[in-house]
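Participant: Got chain A sorted already, so can you dock chain B onto it with the hints?
One letter stands for each residue in the lines below.
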Amino acid sequence: MLGTALIVFREIFEASLVVSIVAAATRGLSSRARWIGGGIVAGILGAIIVALFADVIASFASGVGQEIFNASVLFAAAGMIAWHVLWMASHGKAMAKELGSVSAAVKSGARPPSALLFVVAIAILREGSEVVLFLYGLSAGGSSVSTLVTGSALGVIAGVAAGFALYFGLLRIPPAKMFAATNWLLILVAAGMASQGAHFLIQADLLPALGSQLWNTSALVANGSMAGQTLHALIGYDARPAGMQILFFVVVIVAISLTMFLQRKPAAAATKPKNLTSPQPG
Amino acid sequence: MQRLTTLSLLAVVAALAACSGNAMPEHTLVLENHKFTPDQITIAAGQKVRIKVENRDDAYEEFDSDSLGREKVIPGKTTGVVVIGPLEAGKYPFMGEYHHETAQGLVVVQ
Numbered sequence: 484m485l486g487t488a489l490i491v492f493r494e495i496f497e498a499s500l501v502v503s504i505v506a507a508a509t510r511g512l513s514s515r516a517r518w519i520g521g522g523i524v525a526g527i528l529g530a531i532i533v534a535l536f537a538d539v540i541a542s543f544a545s546g547v548g549q550e551i552f553n554a555s556v557l558f559a560a561a562g563m564i565a566w567h568v569l570w571m572a573s574h575g576k577a578m579a580k581e582l583g584s585v586s587a588a589v590k591s592g593a594r595p596p597s598a599l600l601f602v603v604a605i606a607i608l609r610e611g612s613e614v615v616l617f618l619y620g621l622s623a624g625g626s627s628v629s630t631l632v633t634g635s636a637l638g639v640i641a642g643v644a645a646g647f648a649l650y651f652g653l654l655r656i657p658p659a660k661m662f663a664a665t666n667w668l669l670i671l672v673a674a675g676m677a678s679q680g681a682h683f684l685i686q687a688d689l690l691p692a693l694g695s696q697l698w699n700t701s702a703l704v705a706n707g708s709m710a711g712q713t714l715h716a717l718i719g720y721d722a723r724p725a726g727m728q729i730l731f732f733v734v735v736i737v738a739i740s741l742t743m744f745l746q747r748k749p750a751a752a753a754t755k756p757k758n759l760t761s762p763q764p765g
Numbered sequence: 018m019q020r021l022t023t024l025s026l027l028a029v030v031a032a033l034a035a036c037s038g039n040a041m042p043e044h045t046l047v048l049e050n051h052k053f054t055p056d057q058i059t060i061a062a063g064q065k066v067r068i069k070v071e072n073r074d075d076a077y078e079e080f081d082s083d084s085l086g087r088e089k090v091i092p093g094k095t096t097g098v099v100v101i102g103p104l105e106a107g108k109y110p111f112m113g114e115y116h117h118e119t120a121q122g123l124v125v126v127q
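Quick note, the sequences are listed as chains A and B, same order. My numbering puts the first residue of the first sequence at 484, with every later residue one more than the last. My numbering puts the first residue of the second sequence at 18, with every later residue one more than the last.
Treat the hints with care, as some may be off.
[Stated by the list, open to error] Derived coverage of chain B by chain A (criterion: at least 3 residues anywhere in the stretch with Cβ under 8 Å from a Cβ of chain A; other residues may be distant):
1. 55-64
2. 103-110
[Said to hold, decoys possible] Negatives, chain B to chain A, calculated, CB over 12 Å:
3. 47
4. 73
5. 84
6. 117
7. 121
8. 123
9. 125
Hints listed in this document are in silico derivations from the structure and should not be mistaken for laboratory results. Note that CB positions come from ideal geometry on N, CA and C, so glycine has one too.
In isolation and in its complexed conformation, chain A is listed as follows (with noise of 0.2 Å):
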């Protein structure tokens, strides 16, 4: 039964932090309750239906099917947080000075939590497919069904748990600096879910390795430890990276910041000068 946890636990352990994460980033934002719950539920749903189809899927591309999905989800799931972040960003005065201007923009128009739906929906999908697959082998494989029931009740609670441990930590953040601080780690994240998808593309041979195990911090930070696993969901730790897995991180932290800095840049320059030079119309 502890087993049975123990594997459960750590399955729901990484989507509950990143859920967690998009708790907090979302905080203030008048629709996120509605958004994050109905992502757990699409998330669980589509966890189901991965699980019922896994040999369909397995089966695509000669073999490499599973890679090729995993792959395209965290790389869609990327995209998504790069979207809600540089959304975020370019509305960042106004949220950090006031949390109710927030939830006034995205009624306005643009609605950036549906992006993280998308995302939390997935980590679930991710996670929760491969509990659906271990828990159906045990009960194939004649274990009572108490024990499983028990098991992974155990499993889903303590994640949970570490989920909630999580949110009220950041929560503890002052609102001022809390855009920034969850935007930085929304960022991380993303860069760590490309990082993972290379890594299935070099499993699948789709991608070459640069350098298959670049380096080993497995004696410092185990992949299996508790603190390679936050680690893993945070910024898709890896104690032996390929060099693909690295140019992946690094690309996706350039590309997004970079961005987010042309993106203030013009904004700047458009607001300040014409105050100084242009006389002001009317």
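Facilitator: Okay, now just chain B, sitting in the frame of chain A:
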């Protein structure tokens, strides 16, 4: 813009897939009664190797190796392919995560 990025990524992937040759050493592992046969394979250092995992059980299994950095779900009665390496000499254990009590194996790189 994201769509464009995704498309160009897919194009890169497709191009690379077309280029990658098939001259890769291959090993087959049979998974039966939640045990790997053979439970140890020896491969050359510095070379990519294709491992076919033939799951003869009804149950799903996840080929999982922390040291190889590989994780792949293999449905019952199917064969999954995992490409590993190039690796340095050493011992790299792997397991079937869903039945790790019995499903254990080792890749020896020389």
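Participant: It remains to establish, for every hint, whether it holds in the given structure.
Facilitator: Hint-by-hint comparison with the structure:
no. : hint    : verdict
1   : 55-64   : violated (count 0)
2   : 103-110 : holds (count 3)
3   : 47      : holds (16 Å)
4   : 73      : holds (14 Å)
5   : 84      : violated (7 Å)
6   : 117     : violated (9 Å)
7   : 121     : holds (15 Å)
8   : 123     : holds (17 Å)
9   : 125     : holds (16 Å)
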